[in-house]
Amino acid sequence: MIPDNQTKRQHTRTVTKAAVAVLVLSCVAAYYYLVDPSGAGFSFKCPFRLMTGYDCPGCGIQRALHSLLHGRVAEAWHYNAFAFFAIPVALLYIAAEASGCRRLNAVLQHPVPVIAVFLGVVAWWIGRNLI
Amino acid sequence: MKIWIYVDGRQQGPFTLEQLLDQPVDENTKVWYEGLPKWYPAGYLDELKPLFDGSLARRLAQEQANPSADAAVRVDSADAVRTEADDEEVIITEDDCQSSAGYDDREARQENVAGGICAPAGYGMQSPADGSAGMTEEKCPPTYIGWSVFLAFCCCSPVSVAALAASVCVSVFHNRHQAARARKASEIAVWLVMISFALGMIPVVLMSAFFGE
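Chain order of the listed sequences is A and B.
First residue of the first sequence: 1, per our numbering; consecutive thereafter.
First residue of the second sequence: 132, per our numbering; consecutive thereafter.
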């Protein structure tokens with residue numbers, strides 16, 4: 001009765017979320033496949049870089065995505081190496097939190113991996129501006 | 132019987148057994164009522180069996196269909212409970228609170244509630260921070276770390292690093308069983324994520340429009 005209804009509702013919600021996520025991701029992929037951010041024409045600029053002159057953690061990610069979608073992995077790595085780790089990790093965390101799976105979240109939300117991710121991002125941000 | 136349930140990361144109640152039919156309770160929901168030493172999954176307790184095998188729902192339906200006959204039955208059972216309560220009260224005076232599971236004397240129970248004699252940690256009257264101590268396993272409030280990292284890379288906003296720090300706080304507080312602080316940090320994290328998104332997206336679009344070629 002009650003548990004069944006609840007499970008069904010949760011299931012529908014999870015499927016809807018997944019469908020929306022796939023739709024959004026494929027739109028983004030299609031855009032960056034077609035548009036070359038380093039080429040002529042309109043492209044999104046990083047306000048942090050425009051104002052301070054320093055790179056933000058995500059600078060180069062548009063060019064990296066464009067290169068990656070065209071199969072040029074080395075070039076993408078050169079534009080933003082850390083994004084290769086950070087974006088899959090971010091998507092994994094978002095998916096785990098959205099799914100509400102207890103066991104998976106217990107592992108992922110443990111302070112050790114969480115602090116590791118935090119330190120990784122900060123170290124990358126500082127490090128890429130020093131080199 | 133007053134029953135507290137643990138749903139959506141917080142304690143709710145008290146409910147009667149009948150009221151629980153309208154609550155999102157399943158066999159795995161943690162519940163507590165007076166006499167239990169700690170929180171248990173609802174499916175584990177014999178007293179809550181009628182909730183899950185449909186007998187309570189059937190009885191309520193029957194009561195609705197035939198109220199007069201059932202009223203008489205209820206009076207009978209109330210008397211029975213009263214007698215039982217009188218018997219058990221003797222035991223209570225011997226300071227053995229745990230054995231009071233079945234008794235139903237309202238005044239004595241109120242006293243216990245106020246004094247907190249029988250309540251395990253995690254009792255409904257206590258603050259959420261203390262309340263978490265009695266839970267065997269508590270759900271971690273959302274850390275939003277995925278969004279924080281995502282925004283740090285896609286929104287170019289330093290605020291997302293602050294959001295990331297808040298996510299770390301949620302995880303650390305949860306690990307130390309400081310539920311109230313973890314929840315507070317989780318709220319801050321979600322606000323920082325939203326602010327970071329707004330502060331990131333607006334300049335990205337505006338500056339791209341002005342400086343983009």
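Accuracy of the hints is not assured; some may be wrong.
[What the hints assert, rightly or not] For each label pair, taking beta carbons as the anchor points, the in silico distance ranges come out as: (1) A:Leu-130 x B:Tyr-175: 50 to 60 Å; (2) B:Gln-309 x A:Gly-53: 22 to 32 Å; (3) A:Thr-52 x B:Tyr-171: 23 to 33 Å; (4) B:Gln-195 x A:Ala-95: 37 to 47 Å; (5) A:Ala-18 x B:Glu-158: 20 to 30 Å; (6) B:Pro-172 x A:Ser-38: 51 to 61 Å; (7) A:Ala-21 x B:Glu-194: 27 to 37 Å; (8) A:Val-35 x B:His-308: 26 to 36 Å; (9) A:Ala-123 x B:Trp-322: 18 to 28 Å; (10) B:Ile-326 x A:Lys-17: 37 to 47 Å; (11) B:Ala-296 x A:Asn-129: 28 to 38 Å.
If you're looking for bench data, these hints aren't it; they were derived computationally from the structure.
Note that beta-carbon positions come from the ideal geometry of N, C-alpha and C, so glycine has one too.
The hints, checked one at a time:
1. Between A:Leu-130 and B:Tyr-175 the C-beta distance comes to about 57 Å, which sits within the given range of 50 to 60 Å.
2. In this structure the supplied range 22 to 32 Å is violated for B:Gln-309 paired with A:Gly-53, their Cβ-Cβ distance being about 41 Å.
3. Here the CB-CB span from A:Thr-52 to B:Tyr-171 is close to 56 Å, at odds with the stated 23 to 33 Å.
4. With their beta carbons about 45 Å apart, B:Gln-195 and A:Ala-95 fall inside the hinted range of 37 to 47 Å.
5. In this structure the hint that A:Ala-18 and B:Glu-158 lie 20 to 30 Å apart at CB holds, the actual value being about 27 Å.
6. B:Pro-172 and A:Ser-38 have their C-beta atoms about 57 Å apart, which keeps the hinted 51 to 61 Å range intact.
7. A hinted range of 27 to 37 Å for the beta carbons of A:Ala-21 and B:Glu-194 is inconsistent with their spacing of about 47 Å.
8. For A:Val-35 and B:His-308, the Cβ-Cβ distance of about 49 Å falls outside the hinted range of 26 to 36 Å, so the restraint is violated.
9. Taking 18 to 28 Å as the suggested C-beta distance range, the pair A:Ala-123 and B:Trp-322 conforms, at roughly 26 Å.
10. Checked against the hint of 37 to 47 Å, the C-beta distance between B:Ile-326 and A:Lys-17 comes to roughly 23 Å, which is inconsistent with it.
11. Checked against the given bound of 28 to 38 Å, the beta carbons of B:Ala-296 and A:Asn-129, roughly 19 Å apart, lie outside it.
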